[in-house]
Structure formats: C-alpha cells, structure tokens
Amino acid sequence: MITNKQILKILDEKQDTFYKGKQNYVGKYVGQRVPRVDAYEKVTGRLKFGADVELPNQLISRLKRSTHAHAKITRLDTSKAEALPGVVTVATGKEFNGLTGCYLNDSHVYAIDRVLWVGDIVAAVAAETAEIAEKAVELIEIEYEDMTPVFDAIEAMKPDAPLLHPNLGSYKWLKGFLFPKPGTNIANHFKLRKGDVEKGFAEADYIFEDTLSVPMVQHTPMESHACVVQVEAGNQVEMWACTQGPFLVRQMISDAFNIPLNKIRVHTTGVGGGFGAKLIAKNELYAIPLALKSHRPVKMAFNRSEEFLNTFVRQGLIMKMKTGVKKNGKMVARKIECIWDGGAFCDYGVSIARSGGYASAGPYDVENLWIDSYCVYTNKPSGGAYRGFGVPEAATVEEQQIDMIAERLGIPATEMRRINFYHEGDTHATGMKLHSVGCEECLDKVTTMLEKTPLKPKEGKLYGAGQAHVHKFTAHTVAASAVLKINEDNSILLYHAVSEIGQGSQTVMQQIVSEVLDVPIDQIQSVKADTHFTPYAWQTAASKATFFDGNACKYAAENAKKQLIELAAIRFDVPQEDVEFGGGKLWPKGKPESAQNFAQVSMGGSFPKAVFGHGIFTVEDGSGLDEQTGQGNRCSAFWMFGGQGAEVYVDTETGEVELARMVACHDVGTVINPTTAEGQLEGSVAQGLGIAMFEEMHFDEKGKLLNDSFTDYHLPTTLDMPLIETDFAVNSPHKEGPYGAKGMGEPALGPTAAAIANAVYNACGVRLFALPLTSERVWKALKDKEVQK
Amino acid sequence: MNKLSEFDYYEPATLAEAYDLLEKFGTEAKVLAGGTDMLVMNKKSAFAKVEKSDCNVHNRLIADTCATTTEVKRVYDLKNVINLKKIKPILNEIAVKGDKLTIGALATMTQINLNESVKKHFPALAAAAGRMGSPLVRNIATMGGNVANSSPAGETLFVLLALEAKVLVGGKAGNRTIDINDFFVHVGKNSLKPGEIILAFELESTGSCNAYKRFSPRHSMDLVVVGVCANLWMDGKVCKKANIGLGAVAITPIHAVSAEKYLVGKELTDDVIKEAAKLAAGDAKPISDIRASAEYRTHLVEVLTKRTIKEALA
Ligand SMILES: Cc1cc2nc3c(=O)[nH]c(=O)nc-3n(C[C@H](O)[C@H](O)[C@H](O)COP(=O)(O)OP(=O)(O)OC[C@H]3O[C@@H](n4cnc5c(N)ncnc54)[C@H](O)[C@@H]3O)c2cc1C
Numbered sequence: 001m002i003t004n005k006q007i008l009k010i011l012d013e014k015q016d017t018f019y020k021g022k023q024n025y026v027g028k029y030v031g032q033r034v035p036r037v038d039a040y041e042k043v044t045g046r047l048k049f050g051a052d053v054e055l056p057n058q059l060i061s062r063l064k065r066s067t068h069a070h071a072k073i074t075r076l077d078t079s080k081a082e083a084l085p086g087v088v089t090v091a092t093g094k095e096f097n098g099l100t101g102c103y104l105n106d107s108h109v110y111a112i113d114r115v116l117w118v119g120d121i122v123a124a125v126a127a128e129t130a131e132i133a134e135k136a137v138e139l140i141e142i143e144y145e146d147m148t149p150v151f152d153a154i155e156a157m158k159p160d161a162p163l164l165h166p167n168l169g170s171y172k173w174l175k176g177f178l179f180p181k182p183g184t185n186i187a188n189h190f191k192l193r194k195g196d197v198e199k200g201f202a203e204a205d206y207i208f209e210d211t212l213s214v215p216m217v218q219h220t221p222m223e224s225h226a227c228v229v230q231v232e233a234g235n236q237v238e239m240w241a242c243t244q245g246p247f248l249v250r251q252m253i254s255d256a257f258n259i260p261l262n263k264i265r266v267h268t269t270g271v272g273g274g275f276g277a278k279l280i281a282k283n284e285l286y287a288i289p290l291a292l293k294s295h296r297p298v299k300m301a302f303n304r305s306e307e308f309l310n311t312f313v314r315q316g317l318i319m320k321m322k323t324g325v326k327k328n329g330k331m332v333a334r335k336i337e338c339i340w341d342g343g344a345f346c347d348y349g350v351s352i353a354r355s356g357g358y359a360s361a362g363p364y365d366v367e368n369l370w371i372d373s374y375c376v377y378t379n380k381p382s383g384g385a386y387r388g389f390g391v392p393e394a395a396t397v398e399e400q401q402i403d404m405i406a407e408r409l410g411i412p413a414t415e416m417r418r419i420n421f422y423h424e425g426d427t428h429a430t431g432m433k434l435h436s437v438g439c440e441e442c443l444d445k446v447t448t449m450l451e452k453t454p455l456k457p458k459e460g461k462l463y464g465a466g467q468a469h470v471h472k473f474t475a476h477t478v479a480a481s482a483v484l485k486i487n488e489d490n491s492i493l494l495y496h497a498v499s500e501i502g503q504g505s506q507t508v509m510q511q512i513v514s515e516v517l518d519v520p521i522d523q524i525q526s527v528k529a530d531t532h533f534t535p536y537a538w539q540t541a542a543s544k545a546t547f548f549d550g551n552a553c554k555y556a557a558e559n560a561k562k563q564l565i566e567l568a569a570i571r572f573d574v575p576q577e578d579v580e581f582g583g584g585k586l587w588p589k590g591k592p593e594s595a596q597n598f599a600q601v602s603m604g605g606s607f608p609k610a611v612f613g614h615g616i617f618t619v620e621d622g623s624g625l626d627e628q629t630g631q632g633n634r635c636s637a638f639w640m641f642g643g644q645g646a647e648v649y650v651d652t653e654t655g656e657v658e659l660a661r662m663v664a665c666h667d668v669g670t671v672i673n674p675t676t677a678e679g680q681l682e683g684s685v686a687q688g689l690g691i692a693m694f695e696e697m698h699f700d701e702k703g704k705l706l707n708d709s710f711t712d713y714h715l716p717t718t719l720d721m722p723l724i725e726t727d728f729a730v731n732s733p734h735k736e737g738p739y740g741a742k743g744m745g746e747p748a749l750g751p752t753a754a755a756i757a758n759a760v761y762n763a764c765g766v767r768l769f770a771l772p773l774t775s776e777r778v779w780k781a782l783k784d785k786e787v788q789k
Numbered sequence: 001m002n003k004l005s006e007f008d009y010y011e012p013a014t015l016a017e018a019y020d021l022l023e024k025f026g027t028e029a030k031v032l033a034g035g036t037d038m039l040v041m042n043k044k045s046a047f048a049k050v051e052k053s054d055c056n057v058h059n060r061l062i063a064d065t066c067a068t069t070t071e072v073k074r075v076y077d078l079k080n081v082i083n084l085k086k087i088k089p090i091l092n093e094i095a096v097k098g099d100k101l102t103i104g105a106l107a108t109m110t111q112i113n114l115n116e117s118v119k120k121h122f123p124a125l126a127a128a129a130g131r132m133g134s135p136l137v138r139n140i141a142t143m144g145g146n147v148a149n150s151s152p153a154g155e156t157l158f159v160l161l162a163l164e165a166k167v168l169v170g171g172k173a174g175n176r177t178i179d180i181n182d183f184f185v186h187v188g189k190n191s192l193k194p195g196e197i198i199l200a201f202e203l204e205s206t207g208s209c210n211a212y213k214r215f216s217p218r219h220s221m222d223l224v225v226v227g228v229c230a231n232l233w234m235d236g237k238v239c240k241k242a243n244i245g246l247g248a249v250a251i252t253p254i255h256a257v258s259a260e261k262y263l264v265g266k267e268l269t270d271d272v273i274k275e276a277a278k279l280a281a282g283d284a285k286p287i288s289d290i291r292a293s294a295e296y297r298t299h300l301v302e303v304l305t306k307r308t309i310k311e312a313l314a
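Respectively, the protein sequence lines represent chains P and F. The first sequence: position 647 = 647 (my numbering), numbered continuously. The second sequence: position 199 = 199 (my numbering), numbered continuously.
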C-alpha cells in the first residue's frame, strides 16, 4: 500500500518539476508557492472574526423561532418578554414587513402573518445579556393556525399544492434572468433546448434512464454567522459582519428597510469559512430592526442550530436523466429534469436552478439536449448557494450514469468520457464558444495517478476505484474593481472587495500585483472589504475572484505602473520610453545608479504626486440566456474542468465504506499559487467525503429538523480522511485570465461524491440512487442484491 | 449553545466535606468530574417556562391568593457544582492488588487506555477507553462520569458489564458495593442514592480473554451505534463461561443472555461463533433513530459479536 511518506515524496518531486516550462504562466511571484499572507494572524489566533467584534454598550440578541412548518400567526404577544428586566427591545414582522432577496425578493425578515418553516423567525429580542435574551424568547407568546405544509418538491409542484408564496407574481425579480411561475410553487423554470432531442433518441442504439435524489445538506462553516450593527444619527447603518458578500448584504438591507445604499456601511471581518452560506444577508437582516429600535449596537451571533435553520442550506435535488447513446459510446441526446428542493425562500436558489440546470449534462458535447430545471418552494429551511452551485449534485447522477452506460456498452468509462468530452472551440450546450478546455488532460492525469500506484487489496474487504469529471461555469457580466495606493514610505495598499474566506484570495491578489510591479509580496497590504471604501465587487462567489477581481487588481497595478513611469519621465527628464522599471525601482536608461523607488518617484522632492492605481474588469460579451431555448452568447466568462478518482474498500458484512485514496486533477488555467490550489482540492475532498458518506438533514413528518447539531450531523474527522494526491492541467491557460488563470474553489467539489459512488459500485456492485452512501444503505443494497440472485 | 449557567462552585478537600455539601444542597447539587457530559449538557440545554405556584406557608392559609408566576429556567440547570478532583487522596488511582484491579472513579479514559495492567488483563476496557470521543475528550473524561451518566450508548458501560465490574460507592451513610448488573436502571438512571458518589471500580482478573468492538459511521468523535464486548473463560478450546455485553441496543447496556448460555461448554468453532452471534442479535432490543434502524442495529450486533469473539480468542 502507498504510504503517506511516499505521497509526500511524490508531492515534493512535483513541486520541483511540475510548473516549469509548461504552458501555464510561471513568473517570479505568479505560479510560486508563496506562503499565505494571512497565515500568521490565523495560526496565532489573532485574526478577528465576526463574533470577536465588541462595541461599547452592545446588546445581545436572540430569535424566537416558529415551531410550525406552515401556519398563520393568530396571536403574537411580546409584552411579557418586553417586561423582563434587562430586555431592551423586541421586534416583529408587524413593524418590519419589507421583502428582500438576492435575485428574487421573496424573503421576509421576520414572519409577517404566516410562518413558512419550523425555525422561521417570528420575533427578535435584544437584551443586556444572552441569558436574559434567551429567557425573554421563552416569554413571547404565539398562537398558530396550522395550514397544510408541503415538504416534498415533487408534491409542491402539483397544481393543488398549498402555496408558500401566493403573491409571487408581485415580487421584484431580475427580469429576463429568472422565470418564476406565479400561482405555483415554482420560483424559477429554466429551459434549455438544443437540436432535436426526440430525433436524437430515435437515432440512438441504447437509451438509459435514471433518477437520483440528493438530500439537503448544510455548509457548516467552522465560524458561525455573526455580526454587530449600530445605527447612528440620521439612520446611518454601520455593520461588521463575517460575510462573503458585503455589497450584496448592503443591497438586501437596503431593499428590506428602504435605506439608500450610501447610508449603509458593511465592514468585513475575518471569515471562518463560507462555502456560499455567507453570501447573502441573514443574521445581518434580523439584527437591524433591533438596532433601529434600541439605538444601541446589537450583536447577532448564530449558534449551530441557527446555521442549519436560519442561513442557507444546499438545496435537495431530484434529477431524472435520459440519455441516448450510440454503440461506440457517443452520446446523441440527453433529456434532463432537475427539481430543486428550494425551501421557504428561493431568492438565491433560483439561480442555482438556472446554472445548475444548464451545466447538468456534464462536460460533454451532446448534439441534442432538452433540459428543464425547476426551483420549488417547500416548507423547509431556505436553500441557496453552496460550493459548486448545483454541479456536484447533478454530477452525482450524470457521472454515475456515464459509468453505467460504459459498463453496458463494454467500453472503459474513461473511453466513454473521452469520446464525448468538449474540446477547444466547441460550442457549449448553452451556445457559447468554449476556450481553455482541459478535461482530457485531467482525465489522463487522474487515470495515471490511479494506475501508477494502485492500492493493495485488504483482507475481508472489497476494493474498487472510480472516477468522475465535471465542468463548472462562473459568472458572466459582473463588475470587479480594485484600487492600489502607494504610501509615502513605499509600502502599498491594495483595495478590493474579495472576502478572504480561507481560500487564499488575499495571497493570490498580492501575488498578481507583485508580478506586475516586481515588488515583494510583503510590501503590499490588502484592505478588508468595506462598502464605503473598497471599490465594488459583486460577491466572493462562483469561483470568479481570481479571474474577475484578479484582473481588476492586475489592471490597478498596471495603471499605477503607468503613472509611475509618467512621473519618472518628468523627474529624470527623459522620454517615457527611456524609463526602466524593475525590482520595485525606476531609473533612466543606462543609469541604474540613479534608481528611485516608487515613493521617491511619486512623492519625493518638490512635486509630490500621490499614485492611485485603479482597475476595473468585466466580460464585455457576457450575455443572458434565451427564455425558451437557454441559448446565449456567453453565459459564463470561462469554464473550469476537472476530475477525481476514488479508491474505496467496502466491508460487505457491515456495508461500511472506507475511502482510502482520492486523486484529483483540475484545469484551473494558470495556477497562481500551487500550495493554496492544492489546499482547495484537499479541502474539497474532506467536504465531498462528508457529502458522499455522512451528511443529510433529517426532518420528521412535521418538518422539524432532527439533526441540527454536530452530534448527529456528521462531518469527516481527520481520521476519516483518505490519502490525497493532486495535480493540475497545464495546457489550457485562459487568454483573458490574469496570467492565464481561471478559478477553482467550486469545481474542486464537483466530482468528489460521484467518484466515490462509482468506486463503491466497482468494489461491490452496489449502485445507490441517493446520497449519502451510509453503511446502512450500502448494507441494505448488498442484501437486496443477494436476495435477487 | 449558551454560556454556562451561573452556579456556586465548591472544591471539597475531603470526601467527608463532599458528602456534607451533597447533603446540604440535595437535588440542587451536582458533582463534577471531567465535565464533558455535564457542562456540555448545561450549555446546550434549552430554556423553558416553569409555572411556579408561589404558595408559602403564609399565603397557603388563604389558598385562593396563591400566586402563580412564570419563571424561565434551563431544563438542565446547574445550581451547586461540587468538583471531586481536589479531594485527597485523589480518586483517580489505578491500583493492582493480587488479582484485583481498582480503578478510581476519576481515572481518565487516557489513563485507563495507557495503563499496563488494564491493557494486559482487560484489553477490551483499554480499547474502549482509547476509542471514545477524541484525544481531547479522553484526556479529561472519567470513567466515573461515563458510568454515572448512564447512557445506554456509554462507551465503557457494556464493557464493564461483560468484565463483571463492581462499583464501589460512598456517601454519608458509608460505603457499599453495587454489582454492575444492578447498577443501570434506565436511560440516564442508575441505582446511586441521593448524596452518593462513585469512588472506584473493581475488576478481578480470572484468566479470561476479552475484546471490544463498536460501530459508528465515523472513526472518531462519534457515539456508539452498536457496541459489543466479549469476555470468555476458556479451557483449551472449550468455553467455560461467557459474558457478552451489548451497548446502545436497549434502555441500558445489557447481556446477550442466550448467546452467553449457548457458548458455555462448547468448542468455539466458526459455526458455534456464528450461531452465538445470531442469538446475540436476538437478545438485542434496539430502537430505530436517525443513527440507524433497529434492523441494521440488530444485524450489527450479529456481525460485531462474531468479530469480537474471534478477536478475544486470537
Ligand atoms: C466531544 C465529545 C465526545 C464524546 N464522545 C463520547 C463517546 O464516544 N462515548 C461515550 O461514551 N461518551 C462520549 N462523550 C460523553 C462523555 O465524554 C463521557 O460520558 C465521559 O466519560 C463523562 O465523564 P466526565 O468525567 O466528563 O463526566 P462529567 O460530565 O463530569 O459528569 C457526568 C455526570 O456524571 C456525574 N458524575 C461524575 N462523576 C461522578 C462520580 N464519581 N460519582 C457520581 N456521579 C458522578 C456528574 O454529576 C454528571 O451528572 C463525549 C463527550 C463529548 C463532549
């Protein structure tokens, strides 16, 4: 068996040889294993996270949550709570009834007259201490009149299903992007029509049809949501929050409380993991009325149960997939129906139904496609963005089906994939022309890693290996901007609004700027996002930060460089072409001894000028998709590709699956920092292993979540982790990316669960059409197989 | 999770002082060992309304004016916490005297896991102590706390059952010994009397061989879904006596009685072990919950019993 030591040796060798002389850009800073700039403050525990912010005179808040899944509030009496000594204020949906949301404003702050899930917020309390607030919550009296709830997304789509949002038609939404169906529970219906799918099936030699379901899971960032907010004179809202989307939080606060954006200031604190859960305003919204009413700072820090019930969860998915295929393995038609279990608010989930829908056919060039993807309201916690944005869920079905087809056709699954993969220049399912396509290289490298050092059999257990491959979109036309200032002492401040959520973006942005200005990384300091002072960025989402904001930072640095050269030309009294630039200095051609640093060039002597570089970036030809056909010019700025291979042992007596090794190769364009990139892959293995084998939100028949704590919501521990080997494609840098880079956070999670599921099948012949692959499920399936024999 | 309740905290230096405090505070006292159950339960505890009838002696005479007030309290509250760890002589010693092994109630899981005598004579207990929770938990969690907490899934409980432990308890009225078979009463309930604490556990090494196995989805930080301990007295290949302790399959840890009976007097061939495992599965009375269905738990008892017996014999 391959040992950890051997793996480390392989990794070491890779460090030396891997990134040299290939097509991906390797520079002095870009492509180098630069230590993370935020490492020191994190490992020494000095970074201030959301809950660490303390303001003088601050109140603590708690939420009163609904015990009913769908009910009218017939009586709400907060008087006893208000009378409790130490309680400062109580807020309810009667006073604060604005709606808000990301793409679709369907979300109330507190329940207005109806509760929509067990855990929905009915009131909020601010008090002098947590204990008092907690007691006050118990003193709030509520009477409910039950309404019929609906928990199953398929049931919720039926014409006679109870409606969660009868006023859907009057909500505000992003027109032309979403297509809600007022009068139903369908918050968005995305359609993609390409070619003639029936003709495709008619020409096919075989047709396969499979259905699979993936349950709701939660992001479980290590740091739970926390914010402190205070409202200053003139209703100026000032907030500190551990958020991935300070500008989106600001927008949602503005919509909910009708406050102009320039009166809301959101500071980003350290963020202890997000995975999408911290993109939009949640606790930030619930805290504001308390601050407005009390005129005192209010802290709202969530506990683990609130993470599950009152932030975001990953939507459940029920997916039907019909594929027509030729004898040689070429797919000719795919018809897909995705039903996303969106929970009570689908303000962000609608977008997952859209993009998760258009990516659901996988990284394959299929001539005829028909996709329907629905985001559906149910009386459960709200779904929303979760690392992968629909791709890992859909891949669980799609990639298992590829393996099943290959087996039936008697060809290797790797060949089946190779025959169908997209290539440079191909037209994507959505009509866009593809550039920077590395899926084949990833397949080769994953296969080699698996075959080079296969694991040995273990006594009494069955061994199997399996792969899965995905492609992942990003955003299209979103704005990114950055500003760079050179200080009097030659140090540099870099302003951009990407949240450092553990992914290493701060380091990557500084590497890019270092590369342009040829200065050491530590000469630069990044400023945490602050909506009053850092320039605009859409969100830290969609694996878009390196590409979009990285370009903005690059342009800001190039802009500063241009300004410096102009100033140096004046100072040295030479034409601009004769100014030399390098090592953080400028000098007149041929006179290196007169070199001056940036501060000297700009601020020295008698004509001080402040250098202020700025950069903005977007994709000019980005476009939406047609309502009827899902076709468009460029729905995603770029596509990322990647594959993973899993090796498992199955204990057939207990059904226990041991994930022994995971290999991963991804096409992320140029790898700006190999160490942080590998970290993304290793982290995704941990997360994907949890999703594949342990994680599932269990509800009882009344919609109550049964496992809203880590006692019974299992995440993998270090002892559950497999050996991991990682690699990257080097032949497909993106021509518009900063130094050729694309992105990688989300696709890293894309294939993990599907690869594990395929490995389990290859080990013991059990194909499960639901996640997670718990020991009990595997055991039952093995038993059923025995019976059938 | 909330902050801990506000409580009064005591550090008695002697057992006598501890007993006095326990008597004084009665039901409003709790003894503290590692705190890994107690403090977590308190922090996690929900608040709930309690209707309190304010009828003191004075206004009980005019019962009609008896005022009911609503108080909000934690369901698992702490009022007076009595730390046992400062008592001298310290209650965490593991001592061997002849065939008798005494394990102090405050011995931590790590201590038990690393102790040479425990490892030699009771590998099942050493293994259980080395498996529960995580290293951090094991470094402070005590066996006394594990047993006093009396969860049917308690890591060491079904092991102590199979190892025929005696529980030495003390209180104001003196010390007594409770047979482990008589100790557990229901989920979270045991036969300790008010004011009594566990002082130590006594085990006798009588040449048996033993092993422990448990099933849980994760490899650490996970509660027992099914636990099995086999303790066998062998005469060559023939089994003279057998104890099979089962955890998390009934309201208390239990013996697999029919399996135990069946094994006695038999040569432990593969077939015999298989049959015993089947019988053990029949002895289990598990429930279905989100951790596992009753059917799966029953099946696991069978697989684990078979494997545990084999390991004990190896
Ligand atoms: C993260 C985590 C993981 C865990 N994993 C496991 C696991 O895998 N398996 C498992 O079984 N448990 C597990 N536990 C539960 C717990 O750690 C054990 O039950 C532990 O043995 C309790 O011991 P303690 O010393 O911490 O008890 P404490 O919390 O101090 O006490 C527990 C109870 O016993 C009483 N008590 C303590 N000592 C005595 C005494 N000498 N006499 C009378 N009463 C006493 C206390 O008053 C209290 O009611 C876990 C706990 C945590 C926090």
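It is worth saying that the hints were derived from the structure and are not from the lab. Some hints could be false.
Simulated pairs of lysine-lysine, DSSO-like, Cα-Cα distance not exceeding 27 Å [claimed, not checked]: (1) LYS3(F) to LYS783(P); (2) LYS702(P) to LYS97(F); (3) LYS94(P) to LYS42(P); (4) LYS80(P) to LYS278(F); (5) LYS79(F) to LYS97(F); (6) LYS266(F) to LYS783(P); (7) LYS704(P) to LYS44(F); (8) LYS785(P) to LYS94(P); (9) LYS240(F) to LYS193(F); (10) LYS783(P) to LYS52(F); (11) LYS120(F) to LYS266(F).
Derived DEER-like restraints, expressed as beta-carbon distance ranges [stated by the list, open to error]: (12) LYS456(P) to LYS97(F): 58 to 64 Å; (13) LYS80(P) to TYR76(F): 19 to 25 Å; (14) LEU55(P) to LYS73(F): 37 to 43 Å.
For clarity, every value in this text was computed on a predicted model and none was experimentally measured. Here a beta-carbon is modelled for each residue, glycine too, at the ideal position from N, C-alpha and C.
Here's how the hints hold up against the structure:
no., hint, verdict
1, LYS3(F) to LYS783(P), "violated, 47 Å"
2, LYS702(P) to LYS97(F), "violated, 58 Å"
3, LYS94(P) to LYS42(P), "violated, 42 Å"
4, LYS80(P) to LYS278(F), "violated, 58 Å"
5, LYS79(F) to LYS97(F), "violated, 39 Å"
6, LYS266(F) to LYS783(P), "violated, 30 Å"
7, LYS704(P) to LYS44(F), "holds, 18 Å"
8, LYS785(P) to LYS94(P), "violated, 57 Å"
9, LYS240(F) to LYS193(F), "violated, 36 Å"
10, LYS783(P) to LYS52(F), "violated, 55 Å"
11, LYS120(F) to LYS266(F), "holds, 26 Å"
12, LYS456(P) to LYS97(F): 58 to 64 Å, "violated, 47 Å"
13, LYS80(P) to TYR76(F): 19 to 25 Å, "holds, 23 Å"
14, LEU55(P) to LYS73(F): 37 to 43 Å, "violated, 30 Å"
In this structure, the earlier hints numbered 1, 2, 3, 4, 5, 6, 8, 9, 10, 12, 14 are contradicted, and the remaining ones agree with it.
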